[in-house]
Amino acid sequence: MQSFALFASLIIAAASTMSFAADKAAIGQPAPGFSLQDQTGKTVNLSDFKGQMVVLEWFNPGCPVTVRHAKSGTMKDLAGKYKGQGVVWLGINSTAGADNATNQKAVAKFSLNYPVLNDSTSKVAKAYSAKTTPHMYIIDKSGSLVYAGAIDSDSSGGKADATNYVAKALDELLAGKAVSTPETKAYGCAVKYAD
Amino acid sequence: MVRITTGFILALCLSAAALAQEDRDLVQARMIADIAAIQPAQPFTVGIHFTIKPDWHVYWKHSGDSGMPTSVKFNLPKGFTASELHWPVPRAFSQPGGLRDYGYENAVVLLASITPPATLKLGANVTLEAHAEWLVCHKVCLPGDQKLTLTLPVGQPDAAPQQSEFAELVNEWLARVPVDAKSPSSPVKVEVHGQLPPGEFKVIVQPKRDFLRDVALCPLPPDSLTVGQIEVHPDPAGATITFKASLLAGAKLKEPTIPIVIGFTDPADQRRGVVVNVPLRSEPKP
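Chains E and Y, in that order, give the protein sequences.
In terms of the numbering used here, the first sequence has 113 at position 64, counting the first letter as 1, and numbering is strictly consecutive.
In terms of the numbering used here, the second sequence has 77 at position 26, counting the first letter as 1, and numbering is strictly consecutive.
Calculated from the structure, these hints are not laboratory results.
Check the hints yourself; a few may be wrong.
Cut-off 20 Å, straight-line C-alpha distance, at most; resulting in silico cross-link-like pairs (SDA-like, lysine to any residue) [stated by the list, open to error]:
#	chain 1	residue 1	chain 2	residue 2
1	Y	K112	Y	T308
2	Y	K190	E	S202
3	E	K234	Y	K240
Computed footprint of chain Y on chain E, listed as stretches where at least three residues anywhere in the stretch have a Cβ under 8 Å from a Cβ of chain Y [said to hold, decoys possible]:
#	stretch
4	89-103
5	130-137
6	228-242
Heads up, the beta-carbon is just placed ideally off N, CA and C, and yes, glycines get one too.
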């Protein structure tokens, strides 16, 4: 009975959030699929990772917030740490006009251990209602969106004891638990949508 | 594997240097005060005056869908206290993808009231310090910061306050800080309808006299709420604004109200604002 009530309240919560954009990503719903090229030109499909947890990181090498995290290794450290537990980390660059060469330069400059996908038409950003770089999404093994929002609680980069929402969610999922904080407000530069 | 050539490294260094120079041209900040001399225990107003390159903007205390709020941290001598920052009414910036941010273009003066201690040495100099940090954006965003100082002499305790050359500028921007919509000095009447759930709200803004132009809504939602789909429907005197508020997934509503700032241009062509606390739930039944 309790789990049904929880399930029902999650559905209601999911219905009331992100309700501004119908037919788009919503917590508790299947994550929108996509097929994008990575920085080497190889096609990457979300469906390639069926049965695995996937982290999406909206990325723009021209944004100082992306750069701050790239330099301090926030995302790289998590990507490396959770790779061993079968978690896939994908960067997505939806900046209008950003091509594979731009993403190749960024991967090299920051020694990224994950690919950066080319979404320069901003279609996937639109499907996920991505607002900022970074904007983080976690997809569970069943393909449902279970987290959307900020990487952590430290938007200005000065906090001593910030909560890393992505690490917390991944730990909960790996322990077979539900994500306790499914949605937070993302921070960073605006995603530079194609008009 | 990208071959790192000297040319590549040089290009990176040059572009970094070019960016640093450009950064200084984008935002300049200085600290000003409305008085020329400090008097013991007499509060005065300090302003952080930002001059922003045209087309670029810095952010309001709630930046909106993206961006970073401008921050000012004061470092004052012993016995001096600063009020919280007073933010003039911002403007809304719309970006592709339906993103909406709040901030300032061209110039803004952020204000605070400083209260000196009761005992000060006549003729001494007092140095006030502040550290301003911001994100300035146009097509790209650049972070910036500046350490500011202002040194003022201590004046006669019982003399009339000496206004500085910046008093007019400070007062001009003080007039743009939103006032409580319910206060007698509010030039408008505001009526609010709606509750959460379902989260659909209507705000009716009417002037007490004449008419208003360019009415805008700038919300200050807590972390648990998003506010969107803001639509302004102007009428001959004022406007009706509708918006939607919803809880983030898994979040609990802790706040009974959400503050919103309503900006408008008054008949004297001055940009002004009011702040309204929008109740989120109807009164509980006894």
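Now the hints, each set against the structure:
Annotation: proposed proximity of Y/K112 to Y/T308 holds, straight-line Cα distance about 18 Å (limit 20 Å). Using a Cα cut-off of 20 Å, the hinted pair Y/K190 and E/S202 is violated, with the two alpha carbons roughly 26 Å apart. Taken as a hint, the E/K234 and Y/K240 pair is broken in the structure, with Cα atoms around 32 Å apart against an allowance of 20 Å. Closer than 8 Å: that is the beta-carbon criterion, and the stretch 89-103 of chain E has 0 residues meeting it against chain Y, so the requirement of 3 is violated.
Note: the stretch 130-137 of chain E has 0 residues with beta-carbon separation from chain Y under 8 Å; the three-residue rule is not met and the coverage is violated. With 14 residues carrying a beta carbon less than 8 Å from a beta carbon of chain Y, the stretch 228-242 of chain E meets the three-residue requirement, and the given coverage holds.
Hints 2, 3, 4 and 5 from the earlier list are contradicted by this structure; the remaining hints agree with it.
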